[in-house]
Amino acid sequence: MDTSKFNGIGRGRGRRLNNVVSNSPSSHTYNNGVDNEELSFDKLSLNDNKENFSQSVREFSNNRVKIIEDGDISMAVQRVNYIPDDNAEDYQLHVNSGINFDNYDNVQVHVTGRNIPEAITSIEDFQIPEFLRLNIKSSDYKKLTPVQKYTIPMINSDRDLMACAQTGSGKTMAFLVPIIKNISENPDTSSSGKNSPKCLIVVPTRELCRQIFTVAHRLCKDSSVKCSYSYGGVEMRTSMMKLYKCDILVSTPGRLVANLESAAISLDKIRYLVLDEADRLLQNEKFMESIKLVYEKSKLVGVDKFHVSMFSATFPAEIQQLGESLLSDHLFVAVGLVGAANTDIKQTVLQVNSHDKLNASLEYLTNNKTGKTLVFVQAKRFADFLGIRLIDLNLLATTIHGDRDQAARESALNDFKSGRVNFLVATDVASRGLDIPKVDTVINIDMPEDMDVYIHRIGRTGRCGNPGLSVSFFDEEKDIALAPRLVKILNESGQECPDWLHSLCSGYRPFEHGRNRKDYRQNVESSTFVEKKKFMNASDEQDDFF
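Per the UniProt record's numbering, the sequence shown starts with residue 1, numbered consecutively.
Be careful, since some hints might not be right.
[As the list claims (entries may be wrong)] The calculated lysine to aspartate or glutamate pairs, modelled on EDC-like cross-linking and capped at a C-alpha distance of 16 angstroms, are:
1. Lys305 x Glu285
2. Lys226 x Asp329
3. Lys305 x Asp268
[Said to hold, decoys possible] Beta-carbon label-pair distances, calculated as ranges:
4. Glu289 x Asn394: 43 to 51 angstroms
5. Arg420 x Arg114: 45 to 53 angstroms
6. Ala379 x Glu130: 49 to 57 angstroms
7. His110 x Tyr244: 52 to 60 angstroms
8. Gly113 x Arg420: 40 to 48 angstroms
9. Arg133 x Pro437: 40 to 48 angstroms
10. Pro498 x Pro316: 25 to 33 angstroms
Hints are computed from structural coordinates only; laboratory data are not their basis. All values reported here derive from a predicted model rather than from experimental measurement. For every residue, glycine included, the Cβ atom is placed at its ideal position computed from N, Cα and C.
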């Protein structure tokens, strides 16, 4: 197997050790593992006097490498120096409406709450500035979707809301259009010198942060409204400079906390808080700590009220209750069934045991080489392994997961979006919100831990009225606990459910099988598996949230 063809793909851990090559007893060379740039530096010794040692460390740091051990160096780590090109064409690529787009008009919308603003039928019904109208037109948005028709006037009326709509139905535009309109019509004339965003948009992943910024930046063209972003893996100084006098800030929770605690931003002018993929955010304890900090910091600067909007394709009942604690006199918008799969996606479930998964996946992928295919797996290491195998079979493939540095992650995603590669092997960092053009098929080699994640995963295809296909490998021994919900999802979206899957549901007993089995003994809080699941999720959340 020729792994040299898989340039730049690998886990961040361990690579840092492997890329430090000793050339002589007195020198080391550091290879950064992505662009093969080598940085040479003199080996430091405890025999050096303190002043020379400190000077060497400073010089070494300026060369973008950080000393880990004092004295005799055994390991070095590359400092983050990645600066995204905000004008790169790949970032601008997005899904255009498909043949089933008009079917959105037939979807039922349910709204609960008092004093519900009247829905609009077209963007012409909504008085927006000329720059925004032109930018919407140039972005090929021709017609409002149901979630846009209902939530745009709600946000424009400064109402708190929680909105649930299927994947690929235009939720990003639903909150950006009224917010940009209101900010542009009420410009800030003060000169406090602070970085005081009027709108915070919080998202769970770096890639989604970048995507929403790109859409917002495009909609704000030729206006005074400034958009910015803040997420991990980007060179810090550049990231801080982008905060200067921004009106709309898109951020991951970790960077938001860092910016608040360091006073890099102030909330003295905050008017809007948007939680995109809100259920994913609300499930995370670290996010709840960050949102608490937002409320505390805003009150310290005299802001007692700002308008909160929450959007997602899935909203479990318990998460709805948690989210309501952050809302005031809110409206709830349900487009179609809450937590249902996109009906434009043809869902196929194949019975494959764990021992046969690799061969089955390679056989399926090699027999379906045309079009774009997004492949989901659970483990980062397996993502790289499968990616290497695909390239070894002369398929154009790359990977994205939390252990790849941000430059490699964005490069992989852009290669897939642009069509330079047509296979992307991913963990769940790519499961939510990403708008990737012309994804024909989503394959779940590993089923997710939670069926809400399944809905988001397969929702990377079948977007904006385009038809899509999902293929899921179901391992009876490992995945049986998912069977009842999977059958329900298939039935609700009018899909064919295989007989063997129905049979599994009829004989399924939760305490005997599967990943979510429960320990029914008294005074036992959780099973070993649940503890393992928490640990695994914590690791994924750390990758996503910072």
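Hints, verified against the model:
Between lysine 305 and glutamate 285, the direct Cα distance comes to roughly 23 angstroms. Violation of the 16 angstroms bound is thereby established for this hinted pair. A hinted pair counts as satisfied when its Cα atoms are at most 16 angstroms apart, and lysine 226 with aspartate 329 does not qualify at roughly 30 angstroms. Restraint check for lysine 305 and aspartate 268: the C-alpha separation of about 11 angstroms stays at or below 16 angstroms, so the hint holds. Restraint check, glutamate 289 to asparagine 394: a C-beta distance of roughly 48 angstroms satisfies the suggested window 43 to 51 angstroms.
Arginine 420 and arginine 114 have their C-beta atoms about 51 angstroms apart, which keeps the hinted 45 to 53 angstroms range intact. Distance hint check for alanine 379 and glutamate 130: the Cβ-Cβ separation is about 51 angstroms, which falls inside the suggested range of 49 to 57 angstroms. Range check, histidine 110 to tyrosine 244: about 43 angstroms between beta-carbon atoms, so the 52 to 60 angstroms window is missed. Between glycine 113 and arginine 420 the beta carbon distance is about 46 angstroms. The supplied range of 40 to 48 angstroms therefore holds.
The supplied range of 40 to 48 angstroms is broken by arginine 133 and proline 437, whose beta-carbon atoms lie about 24 angstroms from each other. About 26 angstroms separates the C-beta atoms of proline 498 and proline 316, a value consistent with the hinted range of 25 to 33 angstroms.
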